[in-house]
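Enquirer: For reference, the chains in residue letters:
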Amino acid sequence: MNGERAVSPTYAGSLDGDRILRYTLAERINHWVSAISYMYLLLTGLGFWSPYLFWLTVLVGGGPTARFWHPWMGLLFGASVVVMHKHWREDMRTAETDRVWLKKIGSYIQNEDESLPAVGKFNFGQKLWYWLIFYGAILLLLSGTVLWFTESIPWSLRFLRYAAILVHAGAALATIGGFIIHVYMSTVLEEGSFASMVEGYVSKLWARKHHRLWYEEISHKKPGNKK
Amino acid sequence: MSQEILRIQKISGHAGTVPGEDTQREYKVCKLIDTTTCIGCKACEVACMEWNDLPFGETIFDNTYQTMPETRWNYWNLILFNEHEREDGTLMWLMRKNQCMHCAEPGCLAACPADGAIVQYTNGIVDFQQANCIGCGYCITGCPFDIPKMNPKTNRVFKCTLCTDRVSEGLEPACIKSCPTGCLHFGSKDDMLDLAGKRAKQLRDHSNFPHAGVYDPPGVGGTGVIYVLHDATQPELYGGLPKDPHIPWTVKLWKGPLKWLGNVAMLGGLLGVVVHLMRYGRKRVEEDQAEERSRT
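Chains as they are written, first to last, in my numbering: chain A, 1 to 227; chain B, 1 to 296.
The shape of chain A in the complex, shown without the other chains (with noise of 0.2 Å):
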């Protein structure tokens, strides 16, 4: 222990001896608000999708259960995107260097990130998948919405049925895609990834590795300094 841990930081960016907390609390709380309703919304979403997962939903209580909450899930989540969007809209615009990555982004597959540009507090993908999950949440709870009153929707407006079955499932899709990579990149590829948006703290190695641009901002800032 040191000094410097006396003083406990609560916002994003701040030294911590080794350590540096990537989430604050509010924005870890946040974002297991998000993936818990967002892990219920798939797994009874599924159910209704094909014939052959519809047992997933006698892991949530049922067809009747499941077809009850998805909807009151679907409102959280969506609350859980706009507080997201809160904290996270400023990190998540484009960059310049932004767009050196993703020329390079077969280099970031191929675990070959030393040749990869520098990026902020996030890269490119990452950005990609927030706003993936930004607009996908948009249309998933407008036709979500339409879905849940089907029989408030006049027979004259019965357009708007048949585009929201449509809507609703292209962008569950879509999200889902993004969903696999983001877990599997979080808890399985990247080493200390998962733990960041548990404690929310990374080393200086992990920051320097990953988010170089991120690290040389924070590290020229002395210890308890807000932005």
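Don't take each hint at face value.
[What the hints assert, rightly or not] Which stretches of chain B does chain A cover? Using the computed rule of at least three CB atoms under 8 Å from a CB of chain A, they are:
1) 38 to 45
2) 109 to 117
3) 196 to 202
[To be verified] Across the chosen pairs, the derived CB separations fall in these ranges:
4) B:Gly-219 / A:Leu-42: 32 to 38 Å
5) B:Pro-152 / A:Asn-111: 51 to 57 Å
6) B:Pro-152 / A:Ala-163: 22 to 28 Å
In short, the hints are calculated from the structure, not lab data. From the three backbone atoms N, C-alpha and C, an ideal C-beta is built for every residue, glycine too.
Since the structure of chain A is already known, use the hints to place chain B on it.
Expert: Only chain B this time, still in chain A's reference frame:
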């Protein structure tokens, strides 16, 4: 009669084979509604309510001879009324008994995600099994005739059963039994088509209805309820009977190509990340750490 005898040939949201499919020598049943002899007396509406013990609801008077604007979860049989002015200036009162059409290719069943919530018996009757219904309302989207209605209290969908209980005992549906003019007939699909065709020909040849015809829309594979219309070229006049009903194309796309594309993509994604891990391994920071330590 048990379901063992009334076998099922199509099941909604069902994985695998359908036990009753092609296992029974059964003719398709059919209800024939001759709109040209319907007087709009509503005996069929009452008989439906009575036989099925449906709870009463308020009727809505809209200055026509119609009981309410549309069918309800507890009002499965409704005569739609239309005052139609013909080209020669004379008036016609068009009455059409509206209820589930019992499509051969039911949109409700195609859209339903709940295993066994909607079934089609080998005799062609499409029946909702409320015990298996999850209340999602997809059948409402799938139906081209706006028939399934949700009970808001139980979140279950209801509609005409074609009196499955009566038909399975060899009786005709309650509505047929009650009709005073004989405009309703019940029998095998072949017999009803034959009878309807003869009646339409009679109307064309002898009653000055040159466009009289039979409504048995091929877009949904034909229906278990067919109509004789004075003017088969304009079914819309009869309370908005769709001219060429189909299962909505988005429902077909969603339950067909999109489902398989989506399944392949999801499985491909899962497979992809596993192969990636085996090919490229994890992104670690220790190696850099060791390097860093040796430098300092």
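Enquirer: Does each hint hold? Answer for all of them.
Expert: How the hints compare with the structure:
no. : hint                              : verdict
1   : 38 to 45                          : violated (count 0)
2   : 109 to 117                        : holds (count 4)
3   : 196 to 202                        : violated (count 0)
4   : B:Gly-219 / A:Leu-42: 32 to 38 Å  : 35 Å, holds
5   : B:Pro-152 / A:Asn-111: 51 to 57 Å : 55 Å, holds
6   : B:Pro-152 / A:Ala-163: 22 to 28 Å : 24 Å, holds
In this structure, the earlier hints numbered 1 and 3 are contradicted, and the remaining ones agree with it.
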